[in-house]
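Chemist: Just so you know, the protein sequences line up as chains A and B, in that order. Quick note: the first sequence uses our numbering, first residue 17, plus one each step. Quick note: the second sequence uses our numbering, first residue 17, plus one each step.
Hints are computed from structural coordinates only; laboratory data are not their basis. Don't take each hint at face value.
Listed below are the simulated DSS-like cross-link pairs for lysine-lysine, each with C-alpha atoms no more than 25 Å apart in a straight line [unchecked claim]:
(1) B/K559 to A/K106
(2) B/K246 to B/K223
(3) A/K106 to B/K382
(4) B/K246 to A/K124
(5) B/K106 to A/K559
(6) B/K356 to B/K329
(7) B/K329 to B/K382
2 protein chains.
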Amino acid sequence: MSTADRPNIRAARGTELTCKGWVQEAALRMLMNNLDREVAEAPEDLVVYGGTGKAARSWPDYHRIVASLRSLESDETLLIQSGRAVGIFKTHADAPRVLLANSLLVPKWATWQEHERLAALGLTMFGQMTAGSWIYIGTQGILQGTYETFVACGRQRFGGDLAGKLIVTGGLGGMGGAQPLAATMAGAACLCVEVDPDRIARRLEHKYLMRSTSSLDEALAWLDEARASKQALSVGLEGNCAEVLPELVRRGRIPDIVTDQTSAHDPLGGYVPGGMSLAAARSLRTEDPDEYVRRSIAAMGTHVRAMRDMQDKGAVAFDYGNNIRAYAVEAGVEDAFEIKGFIPEYIRPLFCEGKGPFRWAALSGKPEDIYKTDKAILDLFPEDEALRRWIELAGEQVAWQGLPARICWLGYGERHRAGLKFNEMVRSGELEAPIVIGRDHLDCGSVASPNRETEAMKDSSDAVADWPILNALINTAAGASWVSVHHGGGVGMGYSIHAGMVVVADGSEDAARRLERVLHSDPGMGIVRHVDAGYEEALEFAKRYGVKIPGVT
Amino acid sequence: MSTADRPNIRAARGTELTCKGWVQEAALRMLMNNLDREVAEAPEDLVVYGGTGKAARSWPDYHRIVASLRSLESDETLLIQSGRAVGIFKTHADAPRVLLANSLLVPKWATWQEHERLAALGLTMFGQMTAGSWIYIGTQGILQGTYETFVACGRQRFGGDLAGKLIVTGGLGGMGGAQPLAATMAGAACLCVEVDPDRIARRLEHKYLMRSTSSLDEALAWLDEARASKQALSVGLEGNCAEVLPELVRRGRIPDIVTDQTSAHDPLGGYVPGGMSLAAARSLRTEDPDEYVRRSIAAMGTHVRAMRDMQDKGAVAFDYGNNIRAYAVEAGVEDAFEIKGFIPEYIRPLFCEGKGPFRWAALSGKPEDIYKTDKAILDLFPEDEALRRWIELAGEQVAWQGLPARICWLGYGERHRAGLKFNEMVRSGELEAPIVIGRDHLDCGSVASPNRETEAMKDSSDAVADWPILNALINTAAGASWVSVHHGGGVGMGYSIHAGMVVVADGSEDAARRLERVLHSDPGMGIVRHVDAGYEEALEFAKRYGVKIPGVT
Ligand SMILES: NC(=O)c1ccc[n+]([C@@H]2O[C@H](COP(=O)([O-])OP(=O)(O)OC[C@H]3O[C@@H](n4cnc5c(N)ncnc54)[C@H](O)[C@@H]3O)[C@@H](O)[C@H]2O)c1
Ligand SMILES: NC(=O)c1ccc[n+]([C@@H]2O[C@H](COP(=O)([O-])OP(=O)(O)OC[C@H]3O[C@@H](n4cnc5c(N)ncnc54)[C@H](O)[C@@H]3O)[C@@H](O)[C@H]2O)c1
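Working from the sequences, and respecting the hints, build out all of it.
Modeler: So, in structure tokens, the structure goes:
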């Protein structure tokens, strides 16, 4: 499809309603915004992000959803089954206007194969996380999640300050490319090893990366200087992790933090083995795939061995969700799992406070509305240093995609304050139009995903999926604007069940009541889930904030 | 545990509240009623029915739920995670008071093994269908479901009348024992072949079976007489299906209907091979299990071969969900699947009209309240002959268990009329106390179960599990009193996802509004699901009754 043929979907801006109420209007605009050329990866295929994560099943389905939202009454609820509008029932004003279920399968049949069979017949679609729940807002999410991980690591291991600290990591791809900017936002010096010079060039161009070189000596010299003067710096080093990291160990150059986001989940199509040029690797890949995989796995062994050596010598090491530990074990690195996953290590303590990626978008389309909310957030939470740093830097460095939006991490006890404040600002006219509030599914109480969000739960309840369902039900009961339940987001079919929610601040008193309830119940589920799993921090938090847990608080 | 040690839980009766509102009170009484000695199979273990289907995870959990319900405000919602009260959040009057999720697992881990591991750690429980959703009311459900299946078969194949027709079936066990009474209620003559004389004796004792004999000649003589005079009659024949059915074929005695409920799902512990006495079979079972299974499967082949022969000679044959077809194929009966499952054959046309097992219980504890609702139902739907027959016979023949209750099949367009009528009767004082309305999970729009409720869907969407989730969400949005989502009920872990709902008629205007909404959305999901799957009947029904389906109606 040529660019000329690409659909040019763009959500309406401003205060004129095209639906029968602001909640419907918000759903319509967010659906359209998900498919905005500036936001979506492949809008011509309705693909928003993450491989095949879609916002609607087909073009006729998209148009039918749009028509349904336009005619939907404020006491009706539209049901969306994997991207198709399947029914409208009478409910009431305080009920969600839209309820969505995405790519759910009876467990015995919950495979990519059955999903593909059904998708080919037009019977389902893959909703990923925020694609199928109409609250994707571009790459800010990845950047912010990476930032939050580095900050949490800094808080736990380095007294809250990464200035003068060195992070070594690999991979500057779709996700990994956020690492250098997240690291510098967090104040650190960061060495990113990337085998593909084109990827390095792209990150430089988009200002996610500050400098690049193919000389390890030069890179280290720049980084040493930055560390000495406590300046933030990111350096892209053209090289292979399986060669560069062992060399750092040999030289005794142990970083403060080591992690990795090379495409290690895929030993054939993703990871590039060391000991050969990129070109040589590419031809081996097609000519002798078996040999390629053998070398790739061996290289991951070398790579992780070096990470383990750094760890033994004092570096903080964590796995960033690319499955490299499992392949390293295959390559003989028996202690690879001494490196822990990033969720149990750094994110879970935040989950215990109901913290996670909170986001909002301005239906006015005006960046000023977001800048005003940024300021409101800083006024509400003046004591949160990492938040201040993020909001300030994001205001400068994050480019708008589609409707202006912001992401930051807020917890239970904070979110409803932000939501109510935004609602007041809409009511008073300080903001031009309503604000849509949602979150990612990388979340404290709405996700069961044993290889990521619920890896290594204290009580071994990783696979219990009652929680995301309860989350969706309580948010529906509390009056969220739309609620979704998904299967397979993030980690693929069979591996996760998760729920999304969105609530609209349109300035009304009704909205205030709904915001107050939903922004308690939603993060509250994170507290409840972690108290149940035996996390002391969560229990203390629940007691302090009066979360009602029968028999406990 | 001796009988003396057995817990003696009994729901309060009458009009005095022990909770802060009737909805909470109803939830409390129904939880207790599920565990009433008269109702539950093993109340000492909190087991209600169906193997290990429980109403609460443990005794401390039970007591905590009771305490939570007693203190729950009418604008709060209690969350139950697999039988444990885990949290209470502020919602509003029109939201459910309780939301439950039972035994859900991330699909890749959705096995009995993982379930058992978690259950042993006290982290989950099996909720079956109505056990974990607090709306089990005893064996009336099995009887009524079997009755409805026979009646539906009669309607489709015999012009609505089974008088003078002969049904041949096997098995008088826990489920199958309902067959003779269901058949006579439907007006038929029924031959039940059962290998175990103790089972026959028990069915006679409970008046589910009218006569018994071990002589085929005698049985046939009785049945011929009954058919000639169009009298309903049930005869238990001590014998083995793998011997009796081929003999009937040899004699040219072809029944009108042939089905089976022997325990064919289990070739070792369940089905009894022919060609030997029951005693001999029992000792072979322990002495040479392999040989037992070989003979058992061979006998199922002979048994199904005879069913197929009857079918070829004009009998209506259907599979009653015991997996006997699959073993018959193993035994070489290649055309075993020419016999279709009972759901696609007889129940799905009902599902297309939103019909399924609807039930209600009288919180007064007074049988008179149920008799009055029985009469109200007959007044509301005077044209429905099978319904009239069932209600009249159930009034005479179904013994009360726990709170007086009734089951019957009603569809979309009927249920809300019944609900509103009951609510009026509560308001006017005609009924002494509120009525609790719910349903089974053998249902039209709330179950994904590819081996039963969604077997052989027209568009092959058997495994799509978005539907039960949407059902739970829309019922929550519409204001059901409690809503549950379950995994594994009926067919075991990995094989089903399903949702329950209950709504209370307490005589208030608020209740009337909720009943109106929920009793549309809940059966409406059945219409929507079957329209989406391409069933013409459902489409016509949707158009006639004005069910809103975007792009369709
Ligand atoms: N942290 C999370 O929450 C999370 C979520 C999803 C995925 N992931 C995982 O993170 C990884 C990165 O994702 P992505 O979208 O950026 O992938 P990507 O394929 O876009 O980028 C991977 C990059 O790694 C480079 N690379 C491969 N082998 C290398 C080597 N030996 N040395 C140096 N560079 C090498 C590639 O050239 C490529 O630029 C994936 O494995 C993904 O599954 C993590
Ligand atoms: N229709 C449904 O919705 C549904 C639901 C659940 C289960 N089932 C299936 O229905 C079957 C019956 O269930 P149940 O609870 O009554 O089982 P059960 O084990 O209580 O009873 C089975 C009976 O069959 C008898 N029997 C075994 N082999 C025989 C033979 N060759 N000839 C004559 N009698 C024989 C046994 O003596 C026993 O009394 C099971 O296979 C069950 O899985 C159906």
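Chemist: Determine for every hint whether it applies to the structure shown.
Modeler: How the hints compare with the structure:
1. B/K559 to A/K106: holds, 17 Å
2. B/K246 to B/K223: Given pair B/K246, B/K223 holds - Cα atoms ~20 Å apart, limit 25 Å.
3. A/K106 to B/K382: violated, 34 Å
4. B/K246 to A/K124: violated, 47 Å
5. B/K106 to A/K559: Between B/K106 and A/K559 the Cα gap is close to 17 Å, so the pair holds against 25 Å.
6. B/K356 to B/K329: Holds - the C-alpha atoms of B/K329 and B/K356 are around 16 Å apart, at most 25 Å.
7. B/K329 to B/K382: violated, 50 Å
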